[in-house]
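Protein chains in written order, with UniProt numbering: chain U, 1 to 423; chain C, 1 to 423.
Bear in mind the hints are in silico, worked out from the structure with no lab data behind them.
Be aware that one or more of the hints could be misleading.
As the list makes no split between identical chains, a pair holds if one copy fits it or if it spans any two.
Dumping the calculated DSS-like pairs for lysine-lysine here, alpha-carbon to alpha-carbon at most 30 angstroms [stated by the list, open to error]:
hint, residue 1, residue 2
1, Lys127, Lys110
2, Lys30, Lys144
3, Lys144, Lys236
4, Lys127, Lys318
5, Lys141, Lys318
6, Lys189, Lys144
7, Lys141, Lys368
8, Lys141, Lys31
9, Lys236, Lys110
10, Lys30, Lys236
11, Lys318, Lys110
12, Lys236, Lys210
13, Lys112, Lys210
14, Lys112, Lys144
15, Lys144, Lys127
16, Lys236, Lys318
17, Lys110, Lys368
2 protein chains.
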Amino acid sequence: MALVVQKYGGSSVADAESIKRVARRIIETKKAGNDVVVAVSAMGDTTDELLDLANEVSPLPPPRELDMLLTAGERISMALLAMAIADQGHSVRSFTGSQAGVITDESHGKAKIIDVTPGRILDAIAKGHIVIVAGFQGVSKETKEITTLGRGGSDTTAVALAAAMQASVCEIYTDVDGVFTADPRIVPKARKVDRITNEEMLELAASGSKVLHLRSVEYARRFNIPIHVRSSFSHKEGTFVTDQPAPEGESVEAPIIAGVAHDRSEAKITVVGVPDRTGMAATIFAAIAEAGINIDMIVQNVSATETGLTDISFTLPKTEGPAAMQALHNIQDEVGFASLQFDDQIGKLSLVGAGMRSNPGVSATFFKAIADVGVNVEMISTSEIRISVVTRDDRLDDAVLAVHSAFGLDADEAAVVYGGTGR
Amino acid sequence: MALVVQKYGGSSVADAESIKRVARRIIETKKAGNDVVVAVSAMGDTTDELLDLANEVSPLPPPRELDMLLTAGERISMALLAMAIADQGHSVRSFTGSQAGVITDESHGKAKIIDVTPGRILDAIAKGHIVIVAGFQGVSKETKEITTLGRGGSDTTAVALAAAMQASVCEIYTDVDGVFTADPRIVPKARKVDRITNEEMLELAASGSKVLHLRSVEYARRFNIPIHVRSSFSHKEGTFVTDQPAPEGESVEAPIIAGVAHDRSEAKITVVGVPDRTGMAATIFAAIAEAGINIDMIVQNVSATETGLTDISFTLPKTEGPAAMQALHNIQDEVGFASLQFDDQIGKLSLVGAGMRSNPGVSATFFKAIADVGVNVEMISTSEIRISVVTRDDRLDDAVLAVHSAFGLDADEAAVVYGGTGR
């Protein structure tokens, strides 16, 4: 008997009707002869509503108590989903993250899964039950405290369960038909991708694609778990994220480009007038790192010979802007730079494809497409299978459309978009 | 350092403002030099809202999953209360019933506490934390499943915690000033009782008084835990429920009557034309017991000599009426009774007082008061410290007012009522 792990996001279980629909879908999988374990997110806006409540009582709630609060969300959705399955005549058991053996480190709000001990799940499966597990949550190894995994955590729960129980596939149900060559809200002619490698999916997730959370892809790659991203609103096949070879009979020639990702969540800080001496950049980025801030792209201008001064720009999540500015102000005298500029009107475009390695013309086509629509490139960074550029926020969509078209990714028809996205 | 256990009901934590108010109150107790452990109910209508959601997905949800769902309610309220306390600068930890070591039997929806192992609470207290515990919930001893204690369960949680940790007092905060000589919504001149014995409180709770749940009083009596019932909306002293002698200087002469309770939750079933033979009543009540139904009062008429037939009436919770009628129909041929009558238009009035034992005139005064307002008594039952009668539902209030007045319980001023009641 094959074991299938499924994950349903918040938009798939937003109300009683949706929950019943998902229940039918789970039962279909069971009836097809599979054991089924389901990770589920909190219903629709539950998490936001709980956060609002928390903010009403405290502007800065203790992370331990915030995790205690937020985990009520999946407790509600998983119990309701179990009820809906039982109501259709199938035996079912729901388990919290703690009961399911999702063991994490001690970091409240952004815990990492360090082990999965699915004893209770395996017992329940052996008794013929369908199993529902609360996504997004776990219990810490040392102090046995309730933890949450952060944004996208339910994807990671599903993949971790699939890995621990050697599932044959981890199906991630969402509100789109799969992974697209671009966000269909920007590129109406974006095409669904049938297969994509883990490496490409990692680059897309790291570049702003929201369909799968980065950590879940890392987890799946490490444990070699094939992910099937598909819609809970249709029965179409979605996208297989896997490094395993395509089934016989399917084309084995991989496309050069997997897709175009965009990201509006970043800001740019420019440190103006940095003395061009050894160690200045190191001092600046040490201060940023000590403040616990992750930076993305970095650009340093060539020093103007007459002044001996240079500018250093880098991008970071908008939300960490204030903390970074403060950290830099604190070292202004030490470094001797002239001023700081904060710019949150930027966008990032990334082209991802494993085929780039062996196709030298990709960069030329990419930059020509952007130039042809008159968009200015402010920063550039590359990996072996990715090119990213920063543009003005209000020109980003034009650039995405142009690049998507230039690489022949446009489909004949517009894609279907169903609704919002869950966590 | 004294340990004080407090319980706050749903109406005391109905919204963010209420939660902040309760937080201040808890901090006052801590600042007065006490260790504090708080059991808290779900916010306001949360439990009803969760039940509505459950009913939307299933008319008859599995009890295990219903408990999983409902326990989300206290998880939310306890985390928010902990946040509010932390926001005011005090260290605090919240614990679910399971984490707090509230061990129950396996009966979902009406579990009984069989042990309390408060290791994590004691650790937290030793570190100086205020402790918040989810009321109403526990974990089953054998199967480690999440359970709930049924209506009024948070009172029982508080008393059980107080007993396990030998607290000096268990304070039950509610939306009235304490235990009253009658329900102030019926008797505006009801008086707050300063002290009441466990035995009297048990009879009142069993007779329809909702201020304390019956099981919590039983628990407190067994472990000799003094309960202080008081309002979370004022700082007045409430009612001490205790068998311990009054402090020196206070009057030690107990009043004859503790109070008048009423109950509109019962119905009456009459089995008409039962052959007056040995064992007929036993057959009838065995059938009722086998259906798992608790009955309250029983009256059997004297058999009419000419017919050899008698009628048997009994009261039971209205909600169990249909099941009882079905059980009786099933034995109609065996017993040979003529017909069944179901009457849910009844009310029950109970007079409770330990002083009845030594005051023979109580019954006479009681029945005269009821007769004087023209209310017909349909059934009577008594214990050593209680007289109960059944009347027409629509005459119950008149009878309650008359009895309250006849025993000189009326206060000079009307009592203050603050709001609804929590669980």
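Verification of the supplied hints:
no.	hint	result
1	Lys127 / Lys110	between (34 angstroms within a copy, 25 angstroms between copies)
2	Lys30 / Lys144	between (33 angstroms within a copy, 26 angstroms between copies)
3	Lys144 / Lys236	neither (41 angstroms within a copy, 40 angstroms between copies)
4	Lys127 / Lys318	neither (49 angstroms within a copy, 38 angstroms between copies)
5	Lys141 / Lys318	neither (32 angstroms within a copy, 49 angstroms between copies)
6	Lys189 / Lys144	neither (48 angstroms within a copy, 52 angstroms between copies)
7	Lys141 / Lys368	neither (52 angstroms within a copy, 69 angstroms between copies)
8	Lys141 / Lys31	neither (36 angstroms within a copy, 34 angstroms between copies)
9	Lys236 / Lys110	neither (33 angstroms within a copy, 45 angstroms between copies)
10	Lys30 / Lys236	within (18 angstroms within a copy, 60 angstroms between copies)
11	Lys318 / Lys110	within (18 angstroms within a copy, 50 angstroms between copies)
12	Lys236 / Lys210	within (20 angstroms within a copy, 56 angstroms between copies)
13	Lys112 / Lys210	within (19 angstroms within a copy, 47 angstroms between copies)
14	Lys112 / Lys144	both (14 angstroms within a copy, 25 angstroms between copies)
15	Lys144 / Lys127	both (28 angstroms within a copy, 17 angstroms between copies)
16	Lys236 / Lys318	neither (37 angstroms within a copy, 52 angstroms between copies)
17	Lys110 / Lys368	neither (40 angstroms within a copy, 71 angstroms between copies)
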